[in-house]
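There are 2 protein chains.
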Amino acid sequence: MELLKQRILQDGKVKTEDILKVDSFLNHQMDVSLFEEIGKEFKRLFEGKPVDKIVTVEASGIGIACITGLFFNVPVVFAKKTQSSNISKDVYVSEVYSYTHCCTNRVLISKEFLKPGENILLIDDFLAEGNAMTGLIEILDMAGCKLTGVGIAIEKGFQDGGKKLRERGIHLESLAIVERLDPRTGAIVFRNDKQS
Amino acid sequence: MELLKQRILQDGKVKTEDILKVDSFLNHQMDVSLFEEIGKEFKRLFEGKPVDKIVTVEASGIGIACITGLFFNVPVVFAKKTQSSNISKDVYVSEVYSYTHCCTNRVLISKEFLKPGENILLIDDFLAEGNAMTGLIEILDMAGCKLTGVGIAIEKGFQDGGKKLRERGIHLESLAIVERLDPRTGAIVFRNDKQS
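From first to last, the protein sequence lines are chains A and B. The number in our numbering is simply the position in the first sequence, starting from 1, with 253 added. The number in our numbering is simply the position in the second sequence, starting from 1, with 253 added.
Worth flagging that the hints you see were computed from the coordinates, not collected in a lab. Check before you lean on any hint, since a few could be wrong.
Identical copies go unnamed one by one, so any copy, or any two together, can satisfy a pair.
As the list claims (entries may be wrong) - With a straight-line Cα cutoff of 25 Å, these simulated SDA-like cross-link-like pairs (lysine to any residue) come out:
no., residue 1, residue 2
1, K416, L256
2, K334, S351
3, K342, G410
4, K364, D284
5, K296, D284
6, K296, S286
7, K334, V344
8, K368, V267
9, K417, E290
10, K296, F325
11, K258, K306
12, K296, E420
This is chain A alone, in the form it adopts within the complex:
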């Protein structure tokens, strides 16, 4: 998605070879008019596919998922993160290791909001190692839901998450795939871009 790539080039900050800060428009301050374009694009990319519900994970996925939900005209469910081991029987739980925060979170969704046979579109702002998505897919499996696909704003192409999902045959759409970050020059190279 050209608009998103341009915005990343304009406002993204390369912190290290692994870390791209986009918190001025994506995951702390949020440009909701950009989110509208992102929502429209997901609608276009998953056109004709069955989507009964959108699922994301707190916190930074929620904004994009909700605005995307307007275009699909479906409810949005966000998985809650908890470090508590005290989990009620009414929820599906999966363990997710976060490389960013170096800790294991449990993500959970109330059983009443995932029904067997429902067609689910997963949406998130970032895809890196793919642990959050893998955790959500585990939960969808427990619930007997069908995974229609995964929509990601920014995929870190140099980490494994996208590869793992594609190898499983999952319909993954990433609006911008970052192939390389250069903290020395600040350069951001996207997949399929000519390297200058």
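Chain A is already provided as a structure; the job is to place chain B on it using the hints.
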């Protein structure tokens, strides 16, 4: 807001005298078409007031705030919760005690996303004791921002938050004010409703 009240009566579950569960449409599963009506209503209620930015707090405020942001055509910033005492100098921090979770969180916003003189509308899903809002207002004060008002979906009228904000002269708009919850009968009474 009649639509919201009707939805609360239809799908809200009274757990105790203090606890109203609305997680089937507001803060776990989210009815984004309802959020559109909520956003429109906030736009109407704050019509003519200056709003440069909407601020909320993760996680359950984000959905309503983002969709409301579409109607105001402004960026949305969400304050992050952290229990860490390791806080960088680039953020404004406030301590917030949560009665729901019986713990103190720090909420923080990067300094770069709040500029002196900016007119801020605070949005959240719930107002109870008002600690989250008080924490955010503290942060706005540190940043030299101007508070235009506070928009809340559901205020618990039997707790103190609304009263405290109104006594400070803050323009508070709550779309539904719950006056009383009866866990025995499941009754939900709104402020200004005739008691049946």
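Structure-based check of all given hints:
1. Proximity of K416 and L256 under a CA criterion of 25 Å is satisfied intra-copy only: 24 Å inside one chain copy versus 45 Å between copies.
2. Taking identical chains as interchangeable, the C-alpha atoms of K334 and S351 lie at most 25 Å apart whether they share a chain (11 Å) or sit on different chains (17 Å).
3. Within a single copy, K342 and G410 get their C-alpha atoms no closer than 37 Å, and across copies no closer than 31 Å, so neither meets the 25 Å cut-off.
4. With identical chains, the CA atoms of K364 and D284 are at most 25 Å apart between copies only, with a shortest distance of 17 Å across copies and 32 Å within one.
5. Taking the closest pair of Cα atoms, K296 and D284 come within 25 Å of each other both inside a single copy (19 Å) and across two copies (18 Å).
6. In this assembly of identical chains, K296 and S286 lie within 25 Å of each other by CA distance both inside one copy and across copies; the values are 15 Å within and 16 Å between.
7. Both within a single protomer and between protomers do K334 and V344 lie at most 25 Å apart by alpha-carbon distance, with minima of 12 Å and 23 Å respectively.
8. In this assembly of identical chains, K368 and V267 lie within 25 Å of each other by CA distance solely across copies; the values are 23 Å between and 41 Å within a copy.
9. When the C-alpha separation of K417 and E290 is checked against a cutoff of 25 Å, the pair qualifies neither within a copy, at 27 Å, nor between copies, at 39 Å.
10. Within a single copy, K296 and F325 get their C-alpha atoms as close as 7 Å, and across copies as close as 23 Å, so both meet the 25 Å cut-off.
11. Taking the shortest alpha-carbon separations for K258 and K306, only the inter-copy value of 24 Å comes in at or below 25 Å, while the best intra-copy value is 27 Å.
12. When the C-alpha separation of K296 and E420 is checked against a cutoff of 25 Å, the pair qualifies only within one copy, where the shortest distance is 23 Å, while the shortest distance between copies is 46 Å.
Hints 3 and 9, counting from the list given before, are not met by this structure.
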